[in-house]
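Visitor: Read off the chains here:
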Amino acid sequence: MNISEKGFEAIKDLLYKMADDQLIIGHRNSEWTGLGPVLEEDIAFSSMAQDKLGHSQALYDVLSQMGEGDPDTIAFMRNAEQFHCCHLVEYPIGEYEFSLMRHFFFDNAELLRFEMLADSSFEPLSFIAKKIKGEIKYHSMHADIWISQLGSASEESKIRMQNALNETFPLALGVFEKGIFEDVLKSEGIFEGEDVLKERWMSAVSQIIEKAGLKLPEVNSITPSLGGRRGKHTEYLQPLLDEMTEVFRIDPSAEW
Amino acid sequence: MKIQSLDPRITRSEIELEKPFDEAKELDQWQTYEVFHQTKRGQQHQHVGCVHAPNAEMALLFAKEVYGRRGLCVNLWVAKSSNIFATDYEDADIFECEEVKTYRDPGYYKVMDRIKAFKEKQQSI
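Taken in order, these protein sequences are the chains called A and B.
Position 132, counted from 1, in the first sequence is what the numbering used here calls 132; the numbers after and before it change by one each time, with no gaps.
Numbering-wise, the numbering used here comes out as the position in the second sequence, counting from 1, plus 1000.
Some hints here could point you the wrong way.
[Said to hold, decoys possible] Have a look at the derived ranges for each label pair, beta carbon to beta carbon:
#, chain 1, residue 1, chain 2, residue 2, range
1, A, Gly-36, B, Tyr-1108, 31 to 41 Å
2, B, Gln-1044, A, Val-196, 42 to 52 Å
3, A, Ile-93, B, Gln-1044, 37 to 47 Å
These aren't lab readings, by the way, just hints derived from the structure by calculation.
Think of the CB as a built atom: it goes at the ideal place given N, C-alpha and C, for glycine as much as any other residue.
Construct all of the structure, not just a fragment, from the sequences and the given hints.
Guide: What follows is the structure, given as structure tokens:
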């Protein structure tokens, strides 16, 4: 299937939001490195954070090949308003249950999104989707097991997990905010769309949450945290970018 | 006074210098699981180390990242360390082997043949 000029604009928009999500959550999760709750979990969580940066790089590479400039420049030289990430990934790491719940909601969406993209008419994207399948499978497995473990471990863990769930759920719904090219993505066979993804995600996460003994709020009663896909971000993104790019900006032309 | 660190994460945590850490509690660690990995289907699993975990499922989860993430692994086993039976180091003498009885070792004849042949060759030069 041939992709139109508008289709390529739509692909860029899709790539930006995916890559920015990966970069920002990767950076956030790496903030646990050395501070994780137990050694083994510290290693696992850090390793997954590194995977996320790798995924963002693979997507920025595609953007770069489409004429969007050098991957490092795209990643490190933009302001918050130029980012397309959702609010979920921007929030500070909080207590561990917050980071775990975010990881759970986010990676289940990633798993399904990349599953859908494996059939994309845009070959570079379907290639990446197939290549990183195993890594994302582990990420969601890691999240699912932790959720079911802590959902029933003790009274305290249960309360903490339920509070974290209530706090993250409106943010998680923001993952599925549509871009301006949603219809083009669907009609050109690039991506089946956020609605389909959200429906599959709801069915996946609600099963695990129920099994863990936790409760999902009524979706219709929740106002999703929207705006991230169109450059409207939380107060937390710009300070993160300042910190993340501090060294790079000293000398953007330096060879690493 | 709060800790000012080069690591912004530490500074952000606003840790008081006067009483920086909670008092250490008695150890309440998870049990350990021994980890065995397999590098190729059909080959025997080999012991690679251990992980702390509350159950076997999480032990496998941790073992994957700690021991299986550099490729070369197709399968993992974990077993509770407490389920491993071992000999006593006090009895290590049961493994001692008398020099004269090395002819009972499987490799003895083959190796000795080669050494003898090598020596003879050296002498004849």
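Visitor: Hint by hint, note whether the structure agrees.
Guide: Each hint, compared with the structure:
no.: 1; hint: A/Gly-36 / B/Tyr-1108: 31 to 41 Å; verdict: violated, 52 Å
no.: 2; hint: B/Gln-1044 / A/Val-196: 42 to 52 Å; verdict: holds, 46 Å
no.: 3; hint: A/Ile-93 / B/Gln-1044: 37 to 47 Å; verdict: holds, 42 Å
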